[in-house]
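Residue numbers (my numbering), protein chains in the order written: chain A, 1140 to 1480; chain B, 1183 to 1256.
Treat the hints with care, since some could be wrong.
Said to hold, decoys possible - Coverage of chain B stretches by chain A, computed from C-beta distances (three or more under 8 Å per stretch; other residues unrestricted): (1) 1213 to 1220; (2) 1235 to 1245.
What the hints assert, rightly or not - Derived contacts from chain A toward chain B, CB cut-off under 8 Å, selection only: (3) Tyr1316; (4) Arg1389; (5) Asp1402; (6) Arg1406; (7) Val1417.
To be verified - Which residues of chain B face chain A? A partial, calculated answer using Cβ under 7 Å: (8) Cys1231; (9) Gly1232; (10) Ala1251.
Hints were generated in silico from the structure; no laboratory data involved.
Note that the coordinates shown come from a computational prediction; the quantities given were computed from them, not determined experimentally.
Positions of the beta carbon are idealized from the N, C-alpha and C atoms, including for glycine.
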Amino acid sequence: MRLPEPRGPITEALQSLRCADIGVAVDHVTAAVDSHTSPLLDCDDAQLALWLLYELHYQGFDDVDPRAEWSPAVIAVRGHLERRFEAELRELTRVEVEKRLNIEEPIADRLFAMMSDDDSPRLAQYVQREITTTQLHELLVHRSVYHLKEADPHTWAVPRLRGRAKVALMEIQFDEYGAGRAGDMHSTLFARTMTRCGLDSTYGAYVDVVPGYTLAASNAMSLFGLHRRLRGAAAGHLAAFEATSTLPNRRYAAGVRRLGYGDEAARYFDEHVEADAVHEQVAIREMCSALVSDEPECEPDVLFGAATCLALDGLAAGRLLDSWRGGRSALLRPMVELAPG
Amino acid sequence: MTWRRRSPRSVTVTVCPDGPLLVRGADEVIDEAGVAHEVRRPCVALCRCGRSSLAPWCDGTHKVVTEEAAKRNR
Ligand code: FES
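Sequences are here, hints too, so could you generate the full structure?
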């Protein structure tokens, strides 16, 4: 994968990563960030900047020196973006977190209640009943940002947890990575679904056309995973992700089949119905419960992580539905222009 | 429903309130009809609510059941 195209002054200032020099001009980038006064959550440029800075820790870029990952200048710039991003996420979820904090109920019950009270736009229903082939392809392109590295962001939390919480997380992650079978890795299953739908399943192939709100959902996971301080949020995020998966994935599988794609294309979604019915229980009842009882100071962040997952998924669902119902593409360049040829 | 094991490890069963049974260490799950289902993940969830479309596995449908019950009691 090559470094994505710049989208504005922040990613423009990060283009120097392509050069042999492993640094970036910190002042230059921070000035570009500071001149952006509206929320970074809604800024395509800032979210792409964060995404590419995080990506240095995952698969990297062919045209960036791998040592850039730990360059102090690069870390300084990332920290500058992260401080504002985290503050915005905390503000976005403050009411939800405060509502569930300090009440005399087991954390598992509070987390399950948060999920069942969630009234995000009904994307899954739309996918099941109405989505068109082009829109399905757009959805897969959006989802590819995370699903082609599925499970990786939460894996950062493994060495940061202890005891029962660590064991529970490892059990989930082992299953995510195919339970010992490379062909069953969830990221591999997703790649197969993309291929079956005629899309390019190369890692990062579509990042240039994915809007900031989808990158933000991936960035939040990387933020939580890469900071030990935020291990509670990583756990809470995973719990919410798993616990909002089974029912929607059943609808996604139905939508994929309605459009005439076969079982092979639907398998990724089928697998998630079965796997996540297990994972949601393990993540909430075992991982989060153990973490909160062993390290009570993590409790607010468990709720923060879970609420962030729901809020960002809800935001993305709303944007996707608005675009499609309005007859527009939900990508920065419509799917037809991306057709190979 | 019964489960069978071939390897010398212990099988544990954990009850999830209003949800499935988590079973670890089993090799097969045999359903009411006597059909054996291979266990292919480190932990499996067995449906207890009787509404799963993936029986014997849980598919999350129990949440709809509990929500309906909660609404009736409101
Ligand atoms: S217990 Fe989960 S679907 Fe029946």
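Results of checking the hints against the structure:
1. 1213 to 1220: Contact hint for the segment 1213 to 1220 of chain B vs chain A: violated, 0 residues under 8 Å.
2. 1235 to 1245: holds (count 8)
3. Tyr1316: Violated, because the Cβ-Cβ distance from tyrosine 1316 (chain A) to chain B comes to roughly 11 Å (cut-off 8 Å).
4. Arg1389: Since the shortest Cβ distance to chain B is 7 Å, the answer is holds.
5. Asp1402: 14 Å, violated
6. Arg1406: Status violated, d = 13 Å.
7. Val1417: Holds, about 4 Å.
8. Cys1231: 11 Å, violated
9. Gly1232: 15 Å, violated
10. Ala1251: Hint on alanine 1251 (chain B): violated, closest Cβ of chain A at ~12 Å, above 7 Å.
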